Each structure stands twice: as structure tokens, then as C-alpha cells.
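**Student:** One letter stands for each residue in the lines below.
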Amino acid sequence: MANFFDDNEDIQFLFEHLDLNEIATAQEDGFTRHDGPGREYAPLDARDAIDNYRRVLTIAGDVTANSIAPRAADVDLQGNTLNDDGTVTLNACTRENLRALAQADLMGLTLPRRYGGLNFPSLVYTMVTEIISRADASLMNLFGLQGIGETINAFADPSIKDEYLPRFADGEVTGAMALTEPDAGSDLQSVSLRAWQDNDGQWRLTGVKRFITNGCGDIILTLARSEPEIKDGRGLSLFLVERGPRLKVRHLEDKLGIHGSPTCELVYDDTPAKLVGERQLGLIRYVMSLMNGARLGIAAQSLGIAEAAFRVARQYAHTRKQFGRAIERLPAVAEMVSDMKIAIEAARALVYETSRVCDLENNNLRVLETDPPTDKAELKRRKGDARVLKRLNGMLTPMSKYYASEMCVQVANDALQVLGGSGYMADYPVERHLRDARITIIYEGTSQMQIVAAVRGVCSGAFEKLAQEFEQHEYFDMTLHLLRQKLVEGKELTLKGIGFVKERGVDYMDLYGRKLVNAATTVLIGHLLLQQAAAATKQPPDGQCQHIAVAGEHKRLVAHRFIDTNLETTRRDMALLCSGDTSVMTHFDTLAGPPPAAS
Amino acid sequence: MSYHCIVCVKQVPDTSRITGDVMKPDGTLNRAVLPAVFNHDDLNALEAALSVRDSHGGTVTVVTMGPMGAAEVLRESLYRGVDRAVIVNDRRAAGSDTLATGYILSQAIRKIGRYDFVFCGRQAIDGDTAQVGPQLAEKLGLVQITYFEKILELSDRTVRLRRNVGNGWEVLETRLPLLLTVLDTANEPRPAAARRVMQYKRARTVGEAACEISAAMPDATEQKRDAEQAVRIEKLKMNDLLIEQWDLDDIEADLQWCGISGSPTKVHRVQSIVLTKEGYTELPPTEEGIRGLIHELIVDHTLG
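Chains as they are written, first to last, in the numbering used here: chain G, 7 to 605; chain U, 293 to 596.
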């Protein structure tokens, strides 16, 4: 039987390589809490927990490979249907897929056991998200909305949690987050949907939301202006709305890709709503947290789409013969296919590392909020960790989303190119993968917005600190050691660029943001790939010598080529950055020419 | 009205992974090189039973006959939501052919007691006989409907259902109880449910618990092991994790109908057939090419 977890050697490798012991122990509070609801499936120790992670990933790999992937082409063709009464009917395949995910208990992966969730760390959630996206990118959007449950769990009152979370965990309901409006896209501070209280004190919402993924779902977390006198983000609160006659889907978008995921325009007609958490914290605290999780989700989705596209191209390059040989032996194709594989592994290294750091942060915050240590030194340490991890994630999350989604578009594009004319036709799935890929660099914040967020972390010390930490790794292997030296040089170049940018101000920083974030990402991923190469080369504990040797050689070569090719780009980019060129800003009108006359 | 369903399942070698060294020189199967899996059609049988229970209420009990390791298919069944799981495990049952297996299963089902439906997979991939289901129905004196695909209507004690007869469908109506053999086209088996996996991965039969204790305490006295086993079994019971294990005495089986003595089937000869590839034909993707292919298939009687 096919299995999208078992057949993915890189995910298998990372599952062993990343320190799941530490993550599982933090996630389960040191395995001290075996009582309470859900205790019958609580893990007893780290080994037990990791065994659970592996088993659940295997289930996800089975369902995706054997049930979901075979239906993906139909999902793409059929899309969903808007009914006259303002409801939406999901296509039959997507309904089947959701049912299978619910039956497998995968819809409450990270929720606490108290509500029927699995209490899994976000690292495993990221892996499952990737696996699902490989099978059907559009299904990930519905699966990934379990972040709604997470947000409710993190911020809502206990009564709301008790009422809704078990329904999320059972897969009985799906959620949506309604943020975007016609005039509030990247700029969420200008959200205008009105929240008001009627004479009975009941909150009601009035207005329109646009581009809402799964807006036809059952539970919609909605960002609305509860303080009309405050015009910025501090006037916004978060509300929970249930699907009902006063909430209608007015329009279903016709779009390039992810056809299985319904994108809705929602009309709120004095819709009754429940306040989540405190007033005024809607955007600045809750949505920011929600979006960080969602960004990591899109990063994982990007990995899955890229993996799917790569596999088609890899197979095709191997079997397609031209000029008397398989096209994989043609230098141009060999380069494309190899670089696709390297790019996927590079992005996966970063995204999984980010998930791991998120787990450390989330679990530390949970302890601080629910059960702060009484020992003063311990409390101080945890508070210090919280600050460091917050800064680190503030950089790593947008960096991951940006890097993985850009990689995804590039890989899907190259995959289509490997297939040539056949790839452009609907006979092969790569054209679908490319259409699905294209949204990843737009939604949950465009690449440009991710760069704005990431570059601040890059310039404020988080990058330098992390790079220095990575530099502490000693490599006894000479090749790896020399590559590490190159990364140190890459860091120095980047720091020089950062210094130059800082003297010129914020606009200059944003102008060269992409180049700076690319340079920093190259250094960080380079280190992660070196660590992987070192781990893969280690002597195996029990036999399997040949397999490990192959994996070790592969990882070494991946690290080598990644670092060499990307550091070249860094050199070029930092030279341009240090030239002080601002012509696209200062001479914009001349360079871009006048806007075309309206037709 | 709720219904009590029994599903017969079998652990089989995964014949989809057959490689060159799977047959021993004497023509018997080298089971060690093939992983053991849940017989595919039996998963469809299980799904059919679970969906009857999900829509109408009732229970699903799964029963298997086999060596100790076969308890794995019972755990797999627990992961998918069955209420009760039973293994019939007895050395004296070794060598049973389909007739003896049908008899032993019928005795086990009698011991389970009340039932409205008995579901079996159409056939097992290791023997491909498709006989155990029908023989079991005869032993139990039940109506049997083979090649079942779908329940069209179920009310009170009457069921209307569809079976696939190869070149069409037959719609039948009958009264409960009955035995169905289920096709793989009947449904899409549900996946294992994560929460149940995390819980029931610890479920054990008495035999398995004993084996694990022996392996963990190789130097302990028998007395010590017995004491440890009693504690372990008590713990399993308390947590609802003890899988029922019966031997032939438990199900009051008449030994002359079991194992070798109850098996009239004589294997005349087992042949190891090695298919060798003799080159290939490349067909041009044109009308002409397709016509040539069809002609060739008609000539060698693959078609028509």
C-alpha cells in the first residue's frame, strides 16, 4: 500500500534527526499528567509519545496516498457550488476527504486531550500538513483551519472552549478566519466590519468580508471594529460566529488554483456573535498569534505541493527519452531536477526547525500562564526564554513562509518545464500543482509582507545570534568544516549589508529587504543542512550501513551545492545593496512610465 | 432497531510484495519474507459492519482464528472502532483447511451468542478460495449472500441488498440473521482512528502478555513469571485492554472436525511458476496502433 509518510525519506530522516524527545517532554509537561479526560490515550513517556507521532503520521500517509490523492484531480475539476440560499455545497470528493480525516481523528491534532484532541506538537502538525498538501493542496486549507480551534483554546473563555472545541476535535465542524475586507487586505488595521451590542447586550456584526477561505464553514472567527472611535488596530476585537441565516455567502470566487477550497464573500446581517477573549486585543494579540500559526501552515502546504510536483518531474525525467537517452542525463534537466530536490530539502529544514522553535515557545508560554514555577530562578529563566523565543519566532515564521512558498512556486514551475509541452497539458498533474502553488506566495500575507516582518528580525540581532549559535557546531569532517567557514563569511557579508542598511533608514531596509532576508536565510539553512549532513553520516546503531551511507552522501552533496550556489547570490546581492542604489524609488515615474489610460 | 454484527477477519501474508525468494525450493510459501497484513477484503467486511452499527446502533464483534501474531488484525479492528475482539488460538487448529476453519469459526460465533449479521471478506489473498464464508453459513444454518456490495434498505428484521454477479447486479431481500461475503467494491474502509490507536496499541491477548513477560524476565522462576503475568492481566482487564483469547475447548469444538483431522483437502502439488519477460512490443499511439493491439488481443483470445 502506498504511503506518503513511509515513502518520503527526507521526512523520515528528519523525524529521527530532530529532537522529538525534548519536544514531546515539553508538550506533555514531563509526562506528569496522566489523569483527567483522555487519559486512556495519554502517552506514558517520550518513547510512547514519539511512537504515537509515528503511528499517526503513518495513518495520515495512508489516507492521503490511497484515498485523498486519487481524488485530487476531480476536486480540482469540480470545485464547489454556491446555493441560492447563501450556503455552499462542497464537492463530494472534498466531503469524503474531510470525513476520512475526521474518522482518522486528524482534525484536532494539537488540541488538548481534554477536548478530544491529540495534544500533538506543532512540528508533527507541520509534517501532517505537508503530507496532506502533497495529496491535495486545497484540502490543506480546510485541514489547516484547525488553527481556529487552537486560537479558541488559547484565548476564549472556558465556556466557549467547552462548547466548541470537542466539535472541532471530532471533525464535526470546520472553521474559518474572517479578516480580509474589500478595503482591508494586507492592511488589517483598517478593518471596518462593525461590531455592536444590542439592547440585551448581545454582540452583533454588520458588514462584508471578502476572500474568506472556507467562509461557508460552521464556526467563523471574525475580526470586527468594536470601538468605532479608535481607527487603528486597537479598535478591533475578535468574535466567534456560527453559521446561520444571518450570515450568508454572497459570492464564491472563481480562481486560478486550490479549487477544492471555497473562497467566500460573506455578508453579516446583524449576525449574533460571541466575543473571544478581551475587547481591543483582536488584531494586536489574537490575530497575530493565529496568523503566525497559519503562516507556518502555508509553509508546510508549500512543501507538500513542491514535493508532489517534484515527484512527477523526477519520474518523467527518468522515463522520457529524447536524443536517445533519458532526459535526466541532459545537463539542463539534471540541473533543474537536482536543484528542485535541494530546494525542497532546504525549505523543509527551515520550516521544521521553525516548527520546533514554535513548540518550545508555545509550551514555555503555556507553563508560564497556567502553572508558573514557584522557584524564582526558574521563573526568571522561563521569562527570559519567552523573550528570546518570541524574537526568534518573529523572524523565523515569516522567513519560513516566504522562503518555502517562493521555493514552491519555483519548483512547480520547473517541474512543468521538465515535462515541457506535456506539462502544460492537463494530462499530467503538474499544471494543477503550479496553479495551486501560486497562491502560497500571496495568502496569509504576501511574500512582500513576510519580508517586511522577517527583515526586522534579521536586522535586530535575532539572525546574528542564531547564526552564532549554529556556528558552535564542530564538524570533524573536513568538507563540512570548510562549508561552515564559508557560512561564517556569508554571515559577515550579511552583517555588513545590515550595517549599511541601518544607516539609511527604514525605506532603504524595505527596498533591500528581500536581498537581506535571502542572505540571512541562506546562512541559517546552510547550517541546518550541515547539521543534517553530519547526522546522516554518523555510524548507524544497527546495521543499515549501506542505506545510511547513501543518505549521508546525499545530505553532504545537498549542503555543498546549496551553500556554494546561494552564497554566490549573497555576494552579488550584498554588493548591490552596498551600492546605495535607490533608483526604483527616486526615479519611479521615469522607470515605470505613466500608468496606462483607463480603457 | 439496533443490530449485532460479527466480522470474521484473517491475517495474511502481503502477496502484493511477492519477490523472487518468496517460494521455498519445496514449493511452500516462505512466510518470513512477507509482512503479515489485514486481508484486504476483510477490511471491507469490517467497514460494512461498522457502517451498519453507525447508522442503526448495535455492536461489532470481530473474530479471527490464527497464531498469536494474528492478534494484530484484532488491534487494527479496535483502531477502527469495533466493540469486541476475539482470537481463536490453538495448536490443534493448525493445518485446518477451509472446512475445518468454517467449523471452528462457527463454534466461536455460537459462543459469542447473539448476532444479526455475519460479515466475511469475499476471499483471502493467500488462498483465494472464497470458501470459508459460505461454509461458515452452512455450519450456522444461515442464509448466505455472496459478493455483497450495498445495503439498500434495512428495517426491523428485513434487509434489501445488492450483490455484484460479475456482469450485473442482483437485488435481493431476505430476513435476518444472515451471512454476507463482501467485495472490495462495496466501500472504502475507514482509516485507523488516532485516539483509538494510541489507546489500543497496548491491547494484548493473554498469550501475548505471557510471551512479553518471558522475554522481559528470561532468568526469573516460573512462579515469579506467573505472578507477574497475573498482575499484568489484571491491569489489562482494568483498562479494557485484554483481547479475548479462546482455545478449541473454550468453544466446545469437536476435535475430529478441527486441524488436520478435520481437513479433507489434500494439496496435490504446489508449483512455483516463474514468469519471465520476453521483450516488449512498442505500440504507436495512433488509430493504426490501437487497431493492431485489439486485433492481437482478439487473436490470442484475451478479448472476445
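If you're looking for bench data, these hints aren't it; they were derived computationally from the structure.
Since the model is a prediction, treat every value here as computed from it, not as a measurement.
Be aware that a few hints might be false.
[What the hints assert, rightly or not] Which bits of chain G does chain U cover? Going by a derived footprint, with three or more residues having C-beta under 8 Å, they are:
hint, segment
1, 111-122
2, 370-384
[As the list claims (entries may be wrong)] Selected chain U positions facing chain G (Cβ under 10 Å, derived; list incomplete):
hint, residue
3, TYR439
4, GLN491
5, PRO510
6, ALA512
7, LYS516
8, LYS527
All C-beta atoms, glycine included, are put in the ideal place defined by N, C-alpha and C.
**Student:** Can you list which hints this structure breaks, lowest number first?
**Tutor:** Violated hints: 2, 3, 5, 6, 7, 8; rest satisfied.
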